[in-house]
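Participant: In case you want the letters, here they are:
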Amino acid sequence: MSALKIKKGSTKHSAYNLRPDFSDVIETHTLAVLVDNEAGVLARVIGLFSGRGYNIDSLTVAEIDHTGHTSRITIVTTGTPQVIEQIKAQLGRIVPVHEVHDLSVEGPSVERELALLKVAGLGDKRVEALRLADIFRANVVDSTLESFVFEITGTSDKIDAFAELMGPLGLIEVARTGVAALSRGQ
Amino acid sequence: MVVQALRDQGVDVVFGYPGGAVLPIYDEIFQQNDIRHVLVRHEQGAVHAAEGYARSTGKPGVVIVTSGPGATNAVTGITDALMDSIPLVVLSGQVPTFMIGNDAFQEADTVGITRACTKHNWLVKDTANLSGTIHEAFHVATTGRPGPVLIDIPKDVQFASSTYTPPQKARTSHYQPPVKGDMDSIKELVEAIEKAKKPIIYTGGGVINSGPAASLLLRELVDSTNFPVTSTLMGLGAYPGTGKNWLGMLGMHGLYEANMAMHDCDLMINIGARFDDRITGLVSAFSPNSKKAHIDIDPSSVNKVIRVDIPIIGDVGHVLEDILKIWKSRGRKTDKEGLQGWWTKIEEWKKIDCLSFKQTGSVIKPQYALHRLEELTRDHDRYICTEVGQHQMWAAQYLTFNDPNRWMTSGGLGTMGYGLPASVGVQMAHPEALVINVAGEASWLMNMQEMGTAVQFRLPVKQFIMNNERLGMVRQWQELLHGERYSQSWSEALPDFVKLAEAFGCKGIKVDNPDDLDEAIKEMLAYDGPVILDCLVEKHENCFPMIPSGEPHNKMLLGDAKTKDAIGTSGAVLV
Ligand SMILES: Cc1ncc(C[n+]2csc(CCOP(=O)(O)OP(=O)(O)O)c2C)c(N)n1
Ligand SMILES: [Mg+2]
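Protein chains in written order, with this note's numbering: chain A, 29 to 214; chain B, 1469 to 2043.
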């Protein structure tokens, strides 16, 4: 099947190129969307997902070019290949959207998320939390006699694993940034 | 500044309604004569009128409404235009910038409310950006898949002065959807055209939107390949209704031969249509054995509902030109033998004569009313609008459309109350033409105040009301799938339409006998001014053929079908 033209600079090849047919398998894709940082642009993107019943697993946004006023929105979403393809085409239709990249099909990419976790505890639990933090290369960014705030960066899976381990050790609060992602190489 | 920008965009008429938040714009309008302002009676009417204007001219329609209730009243019309891809530029007034967010008098979050029903919208906070934004708005509304856009302009921004940016100097937009289709895909389609034994071309509103050239190219493709052609409700007129390859409209109330050919074909070429659910019926059983090609300017229309084998993203006109070029250069090949067999089959389906009806007795059959309307008006320079319901489907079935831009109807949204204001917009654009609104009595009442607009602006629109004293389409569904329990689907306490016409200052005619029908239509045509023709028709007539919800194309109900239990319980949940 030939390429679906989505938007200039966007993913050239449809996900269909990789598959013989529509499948019902739910896939997770990470999309990078470059937009004009104008009023309401995030509402348009979020409104698209809620209005059409798509899923958002994670969403991050920040201006990446302060002179050109461009923002990069990173969205982790799930759906069948047909739905993912629709999401990309629908995103491409939004007027202030310049590019839509599907990092999950465009080649290898790196994904990172940052999280802050507050863990309160005394004695052995406190020591164990610190030891695990070391294994996960989490930093202590705040400490009292009864608590730590850990800062951890990694894939979402790694943060999930760390948070799960901290649970029984006195985890009381978590803040996560959502995923930021870039394709590898040039 | 606003009027200057509109003038530079070639606008000659705007439809609107004033209010506190747009007074500075109205003051500008007062002091010039280039742009005519049509004062409607309700903002929804302004938007539908602009749609009628746009659809019948190919130019964008322009609307001006005030803040708050003015903007919210426009929402239905804007949504209608979005669903049917009609280019509109809506200018709304807003409370001054320093009052936004304070629940000021007549403040509404207009860009928030209309975000989901516009192609794009803007809140202009600085007069320096106003003219540039207006130019950008026209570009966005008319480029790619057309649609409505809205510019919300706070009152202080309207008052302040700044330097005017002419269209040539406006920032070039990054919004430039591609119009040329992918050549490899086009070649693939040409190969399929050469091999097809049972092809069908299925066209939609995209052919009309692409412009008159696209319709000419379509005619060339159809006539030179001898392929059969059908169309959605929105695409009527792209290929002439009197053309020899025309199968009639397809879909839920489409013709038997068109739907059967869609079901049995081996190559389906969708040109500017979107596999809407009124068209496909049961998706899993939709045209099971065909190779499908889809030409559309909007990538999100492709593979949304039906998986296609040959997607071609581009403007219909450009793509058709390339298809023809390549097909001709390869020797204009088709499988003539295969086609002959296919046409034989199609002729058999045509023999069913699914639109046949018998006018007997003293009550006018709606089909007969349209049949006579067609006979008596087909030689006129004619534009048809409709409301929504059975009469709309009958109009699509029994009237003939030989040219694009002649048929204005609310397809995607199905908005009752569309037709009368749309006819006002069409007549504004074509003052000398015959503009008829084929209406149902219930729909017509929804925006009947626009009769005042027609009278004020001396627009001789003909309101052909097929009065069955029923919400006919609702009644039909209740008969078919709710055990004939006619809940709230009749029109009681209807006005006397003749007296109503007189009250508005126009002409009213009433007819209830088939023998008097021709005379009544002629009287309507002869009158130099707006007319309301109250045509009393059979109350319990059903609109056939019909593909019941949840059924495939080959499970059509025809006129004499037993209607009870025609729709399964799974179909009943569908609309
Ligand atoms: C604004 C709006 N409300 C409700 C409906 C649902 N609806 C579709 S057709 C119909 C009945 C229309 O009656 P009428 O205009 O008399 O036309 P008929 O079907 O009788 O020809 C209704 C209520 C609609 N399409 N639009
Ligand atoms: Mg009716």
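Hints are computed from structural coordinates only; laboratory data are not their basis.
Keep in mind it's a predicted model, so treat the numbers as computed, not measured.
By construction, the Cβ of each residue, glycine as well, lies at the ideal position given by its N, Cα and C atoms.
Treat the hints with caution; some may be incorrect.
[To be verified] If the Cβ cut is set under 10 Å, some of the chain A residues that face chain B in the computed set are:
| no. | residue |
| --- | --- |
| 1 | A67 |
| 2 | G68 |
| 3 | N83 |
| 4 | K116 |
| 5 | A117 |
| 6 | V123 |
| 7 | A191 |
| 8 | P196 |
Participant: Would you mind marking each hint as holding or not holding in the structure?
Facilitator: Verification of the hints:
1. Among the interface hints, the one on A:A67 holds; its C-beta lies about 7 Å from the nearest C-beta in chain B, closer than the 10 Å criterion.
2. A cut of 10 Å between beta carbons decides the hint on A:G68: the least distance to chain B is about 6 Å, and the hint holds.
3. Violation of the interface hint for A:N83 is found here, the shortest Cβ-Cβ separation to chain B being roughly 17 Å, above the 10 Å cut-off.
4. For the restraint placing A:K116 at the interface with chain B, the shortest Cβ-Cβ distance is roughly 8 Å, inside the 10 Å limit, so the hint holds.
5. Restraint check, A:A117 versus chain B: the minimum CB separation of about 4 Å is within 10 Å; hint holds.
6. For A:V123, the interface hint holds, the least distance from its beta-carbon to any beta-carbon of chain B being 4 Å, beneath 10 Å.
7. At about 35 Å, the closest approach between the beta carbon of A:A191 and any beta carbon in chain B exceeds 10 Å, and the interface hint on this residue is violated.
8. For the restraint placing A:P196 at the interface with chain B, the shortest Cβ-Cβ distance is roughly 45 Å, beyond the 10 Å limit, so the hint is violated.
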